[in-house]
Amino acid sequence: MSEERSPVKSIVTPSRLEYDYTPGTATTRFLRGMKEGRILGQRCPSCRKVYVPARGSCPRCGVPTEEEVEVSGRGTVTTFCVVRVPSENIDLKLPYTAAHILLDGADIPFFALIQECDAEAVRMGMRVEAVWAPREEWGPTLENIRYFRPIDEPDVPFDEFKEHL
Amino acid sequence: MRDVAVVSFAQSANVRRENRRNEVEMLIPVVKDAIDKSGIPKQKIGFTCSGSSDYLAGQSFSFVMAVDSLGAWPPIAESHVEMDGAWALYEAWVKIQCGEADSALIFSFGRSSPGTLRETLNLQMDPYTLAPLAADPVSMAALQARALLESSDHTEREMAAIAARSRRDAKANEFAQLKGDFDVDELLATPYFVSPLRIHDCPPISDGAAAMVIAADDLARRTCEKPAWIRGIDNRIESHQLGLRDLSRSPSTRLAGQKAGVDPGSIDVAELHAPFSHQELILRDALDLGDGVVINPSGGAMAANAIMVAGLTRIGEAANAIWRGSAERALAHATSGPCLQQNLVCVLGEK
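Quick note, the sequences are listed as chains A and B, same order. Our numbering numbers the first residue of the first sequence as 1490 and each following residue consecutively. Our numbering numbers the first residue of the second sequence as 3 and each following residue consecutively.
There may be inaccurate statements among the hints.
To be verified - One-sided and incomplete, this derived list gives chain B residues near chain A with beta-carbon spacing under 7 Å:
1) Arg23
2) Val26
3) Glu27
4) Pro77
5) Gly117
6) Thr131
7) Pro134
8) Leu135
9) Asp138
10) Ala163
Honestly, the hints are just simulated from the structure, not real lab data. The model shown is predicted, which means the values in this text are computed figures rather than measured ones. Note that CB positions come from ideal geometry on N, CA and C, so glycine has one too.
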């Protein structure tokens, strides 16, 4: 096939958009709380559930949430997965464990990594605590919490967190 | 066909930059307002459909997060179009015509401020031959304005008069963004922005949200004192390739108008989604709207142009015209894509 008849198989058309992200009033308060080492949620005035991070609304009731609630850095693993495949931008030794953690005082689980224990040792109901970065590194970001680690407390029975999977 | 009516409409103020609230926080009061005004309890609304674009938000699946503004519990029947909310209304109307719901909530939101709108909207173009040329909506609208001016008797003075009238009328619209008194001669003395468009020929860049409830038959009659009945609705699309179109005309609007049963002589008020001044001239021609028709008493998209919202707002403002008694029959038009590529026409009547 001559050159002019060979099909064009691909072209590259680079595009790039930059955005100024607006977290919104509630998430802004949450992020400022992170900078002070506090985990802030909001309570729904209707169903009384506490959402962390605060997003300004109760997705269940569709009403604005305003009452601020500080929750604990301790919590319970509700569900988890063990990651055995490498992925770009994640510089962690395999295998590692990602978990949903129901912080004490919250009604919605929080996504985080579990470290300082064997990936295989993580289990539903396990008690964990947040490990924070050094105070001088704190900024308005979730990255202040590096990961969660196990604490020496008895496991929580499944029935007590089954609503929060 | 079932009788379906707009029974409520609510909107946020249009602002250049909403940098305090996020999309969900913007939507909550608007959605609540529309539902409260409809008189239909939230749990009784049979279907929900939204229109928005992730490219504006700069966030994938931003429309899923927007569901947080609804209180979708127990779980609801919900859908989304990556289009102006006017097309979400169309989907909801079809759903009701199919007998799958008796009422529907439609909402839309658009924040252009996180990005640079001319760059964002470039990505709606053909990615092979148009987007790499940096074809942006203002430049393409200018091509269209040039095509119109060269092929008709329309003038830049008419365009400036449309801009001045829109922004004067918008003074009475608390939700409008760009309003005030402008002198046509002074406007024409300003330099070109993208020739032949001057800055006044272009819409403001807006952040905003809107919501609407529609209902069928007896439900509409029971819950609404004066339902704005949808007497016809249709949408038509033209080629993506600007070179294949006669940009000085809008055959898709004309066809949508015919299919929606527009009788130009019966229309009292028309809310036309014409972000650029010359597009109002093209739309009036396509819909055969004469001088007796009041055009865009709200100020239209020249006064408030939240992308993905301004089309639904035209239908809401046409319903407002019915509710306040300034029209027995109102026409609403919504557009999407560059140079009036896709057009929806809706006829509302008090009877």
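* Asked: Measuring from the C-beta of Thr131 of chain B to each C-beta in chain A, is the shortest one below 7 Å?
  -> violated, 9 Å
* **Restraint outcome when Val26 of chain B is required to lie within 7 Å of chain A by C-beta distance** => holds, 5 Å
* Interface restraint verdict for Pro77 of chain B against chain A (beta-carbon cut-off 7 Å) -> The hint is violated - Pro77 of chain B has no Cβ within 7 Å of chain A, the shortest such distance being about 11 Å.
* If you take the shortest Cβ to Cβ gap from Asp138 of chain B to chain A, is it below 7 Å? -> violated, 12 Å
* Asked: Hey, does the Leu135 of chain B contact hint survive, CB to chain A under 7 Å?
  -> violated, 10 Å
* Can we keep the Ala163 of chain B interface hint, with Cβ of chain A closer than 7 Å? -> Nearest chain A Cβ about 36 Å off; hint violated.
* To do: Please verify that hint: Gly117 of chain B, Cβ, nearest Cβ of chain A, below 7 Å or not.
  => holds, 5 Å
* Using Cβ atoms only, decide whether Glu27 of chain B comes closer than 7 Å to chain A, and label the hint accordingly. => holds, 5 Å
* With a cut-off of 7 Å, does the beta carbon of Arg23 of chain B approach a beta carbon of chain A closely enough for the hint to hold? -> Arg23 of chain B check passes; min Cβ-Cβ to chain A is 5 Å, inside 7 Å.
* Tell me if Pro134 of chain B is really an interface residue toward chain A, meaning its C-beta lies closer than 7 Å to one of theirs. => Constraint on Pro134 of chain B satisfied, holds at 4 Å.
Violation of the numbered hints given earlier is confined to hints 4, 6, 8, 9, 10; the remaining hints are satisfied by the structure.
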